[in-house]
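Residue numbers for the sequence shown follow the numbering used here, beginning at 345 and rising by one.
Hints were generated in silico from the structure; no laboratory data involved.
Please read these numbers as outputs of a predicted model, since none were measured by experiment.
Careful, some of the hints might be misleading.
Computed beta-carbon distance windows for the label pairs [as the list claims (entries may be wrong)]:
#1 L742 - V630: 29 to 39 Å
#2 K372 - P801: 50 to 60 Å
#3 F866 - T819: 15 to 25 Å
#4 F866 - V627: 47 to 57 Å
#5 G808 - F866: 37 to 47 Å
#6 P807 - G394: 28 to 38 Å
#7 W723 - Y797: 35 to 45 Å
#8 T560 - V627: 16 to 26 Å
#9 W723 - P807: 46 to 56 Å
#10 A350 - S651: 24 to 34 Å
#11 S651 - H824: 57 to 67 Å
Beta carbons: idealized from backbone N, C-alpha and C, even for Gly.
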Amino acid sequence: MAIHAAGLVAIVIFYLLILFVGIWAAWKNKNSGVGVDRSESIMVGGRDIGLFVGGFTMTATWVGGGYINGTAEYVYLPNFGLAWAQAPFGYALSLVVGGLFFAKPMRSRGYVTMLDPFQQLYGKRMGGLLFIPALMGEIFWSAAILSALGATLSVIVDININMSVVISALIAIFYTLVGGLYSVAYTDVVQLFCIFLGLWISVPFAMSNPAVSDITVSAKEVIYQSPWLGKIDSEDKWLWADNFCLLMLGGIPWQVYFQRVLSASSATYAQVLSFLAAFGCLVMAVPSVLIGAIGASTDWNQTTYGSIAPKDKDESDMILPIVLQHLCPPYISFFGLGAVSAAVMSSADSSILSASSMFARNIYQLAFRQSASDNEIVWVMRLTIFVFGALATAMALLTGSVYGLWYLSSDLVYVIIFPQLLSVLFIKGTNTYGSVAAYIFGLVLRIGGGEPYLKLPPFIYYPGWVNQERIHHLTGDVEHFVQQRFPFKSVSMVASFLANMAFSYLTKYLFESGMLSHKYDFLDAVVSKHSKEIMDKATLVSNHDNIILSEMAPVKQALGESLAGTFTNTEILSDDGVSSPEAFLNEN
345 MAIHAAGLVA IVIFYLLILF VGIWAAWKNK NSGVGVDRSE SIMVGGRDIG
395 LFVGGFTMTA TWVGGGYING TAEYVYLPNF GLAWAQAPFG YALSLVVGGL
445 FFAKPMRSRG YVTMLDPFQQ LYGKRMGGLL FIPALMGEIF WSAAILSALG
495 ATLSVIVDIN INMSVVISAL IAIFYTLVGG LYSVAYTDVV QLFCIFLGLW
545 ISVPFAMSNP AVSDITVSAK EVIYQSPWLG KIDSEDKWLW ADNFCLLMLG
595 GIPWQVYFQR VLSASSATYA QVLSFLAAFG CLVMAVPSVL IGAIGASTDW
645 NQTTYGSIAP KDKDESDMIL PIVLQHLCPP YISFFGLGAV SAAVMSSADS
695 SILSASSMFA RNIYQLAFRQ SASDNEIVWV MRLTIFVFGA LATAMALLTG
745 SVYGLWYLSS DLVYVIIFPQ LLSVLFIKGT NTYGSVAAYI FGLVLRIGGG
795 EPYLKLPPFI YYPGWVNQER IHHLTGDVEH FVQQRFPFKS VSMVASFLAN
845 MAFSYLTKYL FESGMLSHKY DFLDAVVSKH SKEIMDKATL VSNHDNIILS
895 EMAPVKQALG ESLAGTFTNT EILSDDGVSS PEAFLNEN
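Kindly generate the complete structure, drawing on both the sequences and the hints.
In structure tokens, the structure reads:
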């Protein structure tokens with residue numbers, strides 16, 4: 345088995361660079377966040393991430409291995425093209441919407457994880473239920489990233505792919521264990537520089553290769569395949585809109601995003617970082633779009649790749665490393681691929697940290713061990729970082745449908761968590777009963793639509809469904825599946841949102857009017873000593889700009905006296921001077 349020495353050296357150099365930066369960041373910031381618990385420092389830094397590092401790490405929320413590979417793949421794919429490469433604009437708008445509406449209320453209250461407001465208003469059991477889709481999304485995303493890394497490495501060096509993926513995961517897990525969010529943030533800076541330099545250095549060489557036609561011509565005319573600009577057929581317009589809404593709105597309720605928001609030095613900074621990252625998402629997508637266009641404009645018979653195009657060998661998902669490998673000089677190819685591989689490896693760290701943060705705080709500490717010491721929480725985090733990292737690695741190596749699992753879990757984040765986040769932040773009077781109903785509605789309506797990637801057949805056939813077939817070029821197998829052209833994901837999300845409000849107000853009316861006996865309020869969500877005050881002040885967003893923590897005090901009844909105090913953070917609101925944790929404590 346041949347080993348490409350130059351490619352291996354390039355990978356080792358970039359991996360060592362990422363590892364060094366991760367360890368250096370941990371050492372540099374070991375005394376940061378004075379007065380903040382060590383566990384919280386690992387989760388959100390010392391809440392002192394500045395504009396430069398913050399801008400890069402916020403951009404890296406979505407810009408990683410999957411983002412650059414996926415964008416190039418869709419631009420390259422016949423009958424899809426740039427029109428269906430929705431990730432750059434979808435995630436950019438996601439960051440804009442998140443910055444406009446979600447960053448300030450979340451950061452101003454000093455939450456530590458995305459699940460904090462859910463547990464505060466709906467109770468620890470509902471927080472545990474919402475943890476499930478959030479965890480699935482983070483773990484499957486990490487597994488998909490590592491799976492993409494294996495494919496990329498197989499192009500560069502002809503070595504054991506399983507071993508390379510395991511080593512990559514161990515490096516990411518190691519510096520995340522050592523430095524927490526600081527290591528993740530600083531390696532994100534290196535990650536984006538690697539992607540930017542690696543791809544932009546490669547693009548001119550690939551574009552000038554004799555086998556590549558003029559991409560401005562192939563954008564609109566058929567040369568080797570259909571034009572790479574693509575088109576949206578009239579029968580697919582609702583499907584396109586559904587997928588775009590999934591990216592734009594479903595890209596908000598992720599711990600990897602709020603991890604960065606909550607680590608910003610102020611609420612205003614969190615908003616600014618979101619807007620900067622939106623611009624960064626678009627900029628970082630440009631070389632991937634060009635590489636996808638180059639792949640669609642190439643006569644592969646003139647290259648070392650072979651006469652059969654990647655699309656005809658079911659290798660469209662590897663078009664980016666294939667272009668770099670076969671259309672660039674060796675030294676440029678290895679530099680670009682090495683940089684991209686290191687970037688892919690380092691983009692798995694934040695998802696692993698996000699999953700462990702939610703488990704350690706929202707499940708272990710708030711649900712089971714409210715009296716746990718800070719040192720105990722730190723060790724739980726370290727253990728779960730390793731466990732979740734190992735789980736993602738195992739899935740990347742052993743599960744052939746890891747991308748299908750991630751697609752489904754990201755849909756569940758959209759249809760379940762996003763409407764609940766809207767409710768908990770902006771809707772007055774929702775309660776645990778409404779939250780449970782919304783969870784069930786969203787889950788059933790989404791699962792009912794099926795998932796072709798997992799060969800999961802639908803049991804709800806939405807209007808406009810059609811039978812489709814997918815041909816596997818290597819084996820000649822024909823796979824039949826049902827395509828739902830109705831925007832059922834967005835409809836499921838809206839139904840979940842409406843169910844939350846309807847069932848919340850219904851149960852409130854039934855219990856407070858006496859139509860239902862108080863003894864049936866088994867979730868303690870409506871009837872309590874101060875139920876009227878709780879329901880009247882359940883909203884977590886005030887009508888004025890200065891949000892005070894005392895507005896949150898009434899909803900503590902859902903958790904109990906000791907648990908509510910864990911949401912109070914003495915280091916928050918550097919830009920909202922009127923807010924004071926002491927005011928919250930004095931009320932009690």
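(request) Report the numbers of all earlier hints that the structure fails to satisfy, in ascending order. (result) 3, 6 and 11
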